[in-house]
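Residue numbers (my numbering), protein chains in the order written: chain P, 122 to 418; chain R, 4 to 176.
Think of the hints as simulated: they come from the structure by calculation, not from any bench.
Hints are not guaranteed to be accurate.
Said to hold, decoys possible - One-sided excerpt, in silico: chain R residues whose CB lies under 10 Å from chain P: (1) Glu20; (2) Phe23; (3) Ser24; (4) Phe38; (5) Pro40; (6) Tyr73; (7) Asp76; (8) Tyr90; (9) Leu104; (10) Thr131; (11) Phe135; (12) Leu143; (13) Phe153; (14) Ala174; (15) Gly175.
Said to hold, decoys possible - Some residues of chain P that are not near chain R, with every Cβ distance over 10 Å (derived): (16) Ile187; (17) Glu238; (18) Asp259; (19) Asp334; (20) Tyr371.
Said to hold, decoys possible - Distance windows between CB atoms, simulated: (21) Thr262/P / Val144/R: 36 to 42 Å; (22) Ile139/P / Ile119/R: 18 to 24 Å; (23) Leu214/P / Ile119/R: 52 to 58 Å.
Heads up, the beta-carbon is just placed ideally off N, CA and C, and yes, glycines get one too.
The lines below spell out each chain.
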Amino acid sequence: MPRFFSNKRLIILLVGVIVLVALIAFSLRDRDHSNLPEQVVKDVVGFGQSMFTKPAHFVTGIIENIDTMLNTYEENKRLKERLDAYAATQAELVDVKSDNVKLREIVNKLDDLRAYEPIQSTVISRNPDQWEDKLIVDKGTTDGVEVNMAVITSQGLIGKVVLSNPFTSTVELLSTENINFRVAAMIAGEEEIFGLIEGFDRQSRQLIMKRIDSSFDVKKGMQVTSSGLGGIFPKGILIGEITEVSTDDYGLTKLAYIRPAANFSMLDHVMIAKRSSTIVDGTDGGSSADTEGDDES
Amino acid sequence: MTRFVIPLIAVVLFFLEPIFSLFSPIEQNGELFVFVPRFLIVYLIFIAAYYSRQRAILYGLILGLLYDMYHIDIIGLYTFMYPLICYLSTLVIRQIQRHTLTVMVLSLVMIVLLEILSYFFASVIALTSIDFNEFLTSRLVPTVIANSIFIVMFGWTFKQITLKRFSQKQAGF
Numbered sequence: 122m123p124r125f126f127s128n129k130r131l132i133i134l135l136v137g138v139i140v141l142v143a144l145i146a147f148s149l150r151d152r153d154h155s156n157l158p159e160q161v162v163k164d165v166v167g168f169g170q171s172m173f174t175k176p177a178h179f180v181t182g183i184i185e186n187i188d189t190m191l192n193t194y195e196e197n198k199r200l201k202e203r204l205d206a207y208a209a210t211q212a213e214l215v216d217v218k219s220d221n222v223k224l225r226e227i228v229n230k231l232d233d234l235r236a237y238e239p240i241q242s243t244v245i246s247r248n249p250d251q252w253e254d255k256l257i258v259d260k261g262t263t264d265g266v267e268v269n270m271a272v273i274t275s276q277g278l279i280g281k282v283v284l285s286n287p288f289t290s291t292v293e294l295l296s297t298e299n300i301n302f303r304v305a306a307m308i309a310g311e312e313e314i315f316g317l318i319e320g321f322d323r324q325s326r327q328l329i330m331k332r333i334d335s336s337f338d339v340k341k342g343m344q345v346t347s348s349g350l351g352g353i354f355p356k357g358i359l360i361g362e363i364t365e366v367s368t369d370d371y372g373l374t375k376l377a378y379i380r381p382a383a384n385f386s387m388l389d390h391v392m393i394a395k396r397s398s399t400i401v402d403g404t405d406g407g408s409s410a411d412t413e414g415d416d417e418s
Numbered sequence: 004m005t006r007f008v009i010p011l012i013a014v015v016l017f018f019l020e021p022i023f024s025l026f027s028p029i030e031q032n033g034e035l036f037v038f039v040p041r042f043l044i045v046y047l048i049f050i051a052a053y054y055s056r057q058r059a060i061l062y063g064l065i066l067g068l069l070y071d072m073y074h075i076d077i078i079g080l081y082t083f084m085y086p087l088i089c090y091l092s093t094l095v096i097r098q099i100q101r102h103t104l105t106v107m108v109l110s111l112v113m114i115v116l117l118e119i120l121s122y123f124f125a126s127v128i129a130l131t132s133i134d135f136n137e138f139l140t141s142r143l144v145p146t147v148i149a150n151s152i153f154i155v156m157f158g159w160t161f162k163q164i165t166l167k168r169f170s171q172k173q174a175g176f
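Hey, can you work out the whole structure from these sequences and the hints?
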């Protein structure tokens, strides 16, 4: 039986471990910003990655198309039933929208929290060791993407940008375990009820909305959207539907469980919402400022 | 020609891993199964077994560094783990017969080791809060199953390629 480690190898191993610990400590300290070498690596690898991912999306797209074609008859029947109602709603929506613009002009308030410019982007990779729910998309600061912007699909909110490089950016999904991930949210109803989405319950795959004033009547089935008061997210992006209401640990405020409207797996195309009105570093972005102190503990 | 094929396959596998992780997590009967593609390390173990230990460790070091910088944003995890796994597998290979099947089994064992190491790191840095039992059922088992399919499909090809390169090198090409 040969000796497991000779002296020379032991030294190499020890030096390796020391370098490793130093590197990890160095890079953990500041994960929200990337320095120049990191940016270059991210953009170059990201470019190579998109070479592989885009054909893959094309193939999965074809398979999906075939899959939907098989259900066409059933779907068509159902859609036809809904079409009549849709036309009426559409006409009303156009009317209401133009009305809204006119009224805004009258009160001289042209800034709208709801307005945003969608930046279309393709998901080029998902963190392969899936300890963190992160995606990398193919749009970066050159396309106007900035840290903390909301990332949405047609179904609803999925996450926010945590890191932006010139040509790629990293998106953290709502299903993250990061406790500093907050979204200023609102329960739509006759009166607007505000709260914060903090945390994700992994067992039931539901988001947890906290700090809801207990004087409000929150019911199961209500829709939750982003409130736009966090400073960065636009208002009115659908987040999900309430499934359960309870009180928080101290009994002072209410707590709601929300089933997310968007699906977090099999993402290919996402939109990054660039808010048209002024961006303030509030709750939505506040988390990034907080993490610096909390991460090390 | 084969000279470039060896690193080229490593790079291709490096880029293929995140594509396969786009399909994960998979929801089955209300339970979530995460499978982690570990294609690159399988290939590196085949290089270590049939071609050259130094090369395997070198590729592990470079691609591990890229992996850390691109995906994880913590430099040092895979930069350390990939070469370590390559080194450990060469230690084992010296003791056993270099049959395709044994190398396949060895790479599966090494994937398990890599997963446990990465779980250990992730829980130390507080990236995850799942307990070991849940890690076993929701992550380790699906990962091993998915990767064993990959190993069965490509193990023999990897062996042929790496052996071919090795014999070329022996001939002094």
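Tell me if Leu143/R is really an interface residue toward chain P, meaning its C-beta lies closer than 10 Å to one of theirs. 12 Å, violated
A closest beta-carbon separation below 10 Å is what the hint needs, so does Asp76/R meet it against chain P? 5 Å, holds
Has the hinted range 18 to 24 Å been met by the Cβ atoms of Ile139/P and Ile119/R? This hint holds: roughly 23 Å between Cβ atoms.
Let me know if the C-beta of Glu20/R comes in closer than 10 Å to any C-beta of chain P, holds or violated. This hint holds: Glu20/R lies near chain P, its Cβ roughly 5 Å from the closest one there, short of 10 Å.
Does Ser24/R pass the interface check with chain P, least Cβ-Cβ distance below 10 Å? 4 Å, holds
Chain P contact restraint for Pro40/R - C-beta distance below 10 Å: At about 6 Å, which falls below the 10 Å cut-off, the nearest Cβ of chain P leaves the hint on Pro40/R intact, so it holds.
Least C-beta distance between Asp334/P and chain R, which was stated to exceed 10 Å: 29 Å, holds
Tell me if the interface restraint on Tyr90/R is satisfied: Cβ within less than 10 Å of some Cβ in chain P. Because about 9 Å separates Tyr90/R from the closest Cβ in chain P, which is inside the 10 Å limit, the hint holds.
Minimum Cβ distance from Ala174/R to chain P below 10 Å? 29 Å, violated
Regarding the hint that Phe23/R lies at the interface with chain P, is the smallest CB-CB distance below 10 Å? 8 Å, holds
Does Gly175/R hold up as a contact with chain P if the rule is Cβ-Cβ below 10 Å? 29 Å, violated
Restraint check, 10 Å cut-off on beta carbons, for Phe38/R near chain P: 9 Å, holds
Of the numbered hints given earlier, the model fails hints 9, 11, 12, 13, 14, 15; all others are met.
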